[in-house]
Each structure stands twice: as C-alpha cells, then as structure tokens.
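In order, the protein sequences belong to chains A and B. Per the working numbering, the very first residue in the first sequence carries number 73; after that it's consecutive. Per the working numbering, the very first residue in the second sequence carries number 3; after that it's consecutive.
Hints may be right or wrong, so weigh each one.
Simulated pairs of lysine-lysine, DSS-like, Cα-Cα distance not exceeding 25 angstroms [what the hints assert, rightly or not]: (1) 54(B) - 5(B); (2) 54(B) - 71(B); (3) 129(A) - 150(A); (4) 71(B) - 114(A); (5) 150(A) - 114(A); (6) 129(A) - 155(A); (7) 5(B) - 114(A); (8) 114(A) - 129(A); (9) 5(B) - 129(A).
The set of hints was computed from the structure by calculation and includes no laboratory data.
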Amino acid sequence: EPEVTQTPSHQVTQMGQEVILRCVPISNHLYFYWYRQILGQKVEFLVSFYNNEISEKSEIFDDQFSVERPDGSNFTLKIRSTKLEDSAMYFCASTRDRPNTEAFFGQGTRLTVV
Amino acid sequence: DAKTTQPPSMDCAEGRAANLPCNHSTISGNEYVYWYRQIHSQGPQYIIHGLKNNETNEMASLIITEDRKSSTLILPHATLRDTAVYYCIVRSEIQGAQKLVFGQGTRLTINP
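Sequences are here, hints too, so could you generate the full structure?
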C-alpha cells in the first residue's frame, strides 16, 4: 500500500536554529499538507499546498514557517528560527486530485527544541 | 467547517462491537462526515466517510441519521489494536484542498 514517508523521525535542535522537515507524499497525489500536534493537544492544521503554491494556511503558520516542493517527490517544511514552543509532532499528509477523498498521513517527525 | 461533539472516552470489551457516537447538528448539505483515528502518537489514519447513506468498508461501518445531525462509527469486532483516539470530522467538498479540523476526539480503550 502506498504511504507518506517523513524524515527524520526525531529531530533535536537548539532554540534559534533552522530545521527542515522532509516528506515524500504518495506519488500521484496533488494536495499536500502539514499538521502539528503539541504533546497532549489536538492535531492542528498548518498549511495546504497545491500546484506549487500555498492554498491555505493557519494563523500558526507565520513568517517563521515556509514550505517547498523542491522536486517532483519531496515536500518540506522549514522553520527558520525555532522556539521552544515549536516542539511538537509534525505530520505531513497528501490527497489525490479530487474532492471527497481521504488524506494519507505520514508517521510524523518529533521535533524537540532545547 | 461544522463542529462536532464526541464523548471524551469510551471502553469496549475485546470482540464486542464498539459504537462511537458523534453529533454534528450544524452540518450543511455539502459537508461529509469523516472518521479518522490516531493510535498512540502515530499519524492519523483514515477510517471511513459518508454523506448521507450508511457506509461500510473493511475497517468499519458508518451510520448517519436521516437528518444528518449525528452519526455512529461501528467497529464490529473490536481488537486490542483498535485502542486509539477516534476523530469525527465534517468537511466541505466544494474545494479540493480542504483541511481537516480535528477536535479532541474519543479515546477508545479496548479491554481484554
């Protein structure tokens, strides 16, 4: 069964450092998403991406965040200057090119900012 | 997106049917009901979705009331591996890139 893969599974970084979280969505999917989940809290939407541009973003997704699809397979989330409160699980997801379809999630990257 | 209401937790005996309720009284005509689950801290996993007819797949059944104001997810023969947080989400399909808005969900514990 096709799956969304995320790397690394766990990233520890110092406050103020830049991090890049990587995702390989399912190959024939066209919509891509990042969500995050702070420990013990809800899964929160960050951003959706379609046709090489952001289609929607939440208020969490401020200027410190950016997304990119640098080639035909990877989808990345960059945090420019990490803060302690950025510590969370980050999930990538993708869906096919039509509505009424399920989103497939990766297993997540646990980001710990120290 | 319409809001949903779910009980915070439920227990079910292994081998029995688990029935998870969800209220979505403000759902509009073009909104689907989706169910996802999250096992421990893994990525959410799609289970099933529907608009107004009952749906069944290899994982579960979804029963939607005629007025569409509530639904029930049924896991027919629950196993220990079904212990997870279950999320009921309503989602418009007018546009393709629709985000999922997760609530707190129902923490389902399957007991041996």
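Now the hints, each set against the structure:
no.: 1; hint: 54(B) - 5(B); verdict: holds, 17 angstroms
no.: 2; hint: 54(B) - 71(B); verdict: holds, 10 angstroms
no.: 3; hint: 129(A) - 150(A); verdict: holds, 14 angstroms
no.: 4; hint: 71(B) - 114(A); verdict: holds, 23 angstroms
no.: 5; hint: 150(A) - 114(A); verdict: holds, 21 angstroms
no.: 6; hint: 129(A) - 155(A); verdict: holds, 19 angstroms
no.: 7; hint: 5(B) - 114(A); verdict: holds, 14 angstroms
no.: 8; hint: 114(A) - 129(A); verdict: holds, 17 angstroms
no.: 9; hint: 5(B) - 129(A); verdict: holds, 19 angstroms
The structure meets every hint from the earlier list without exception.
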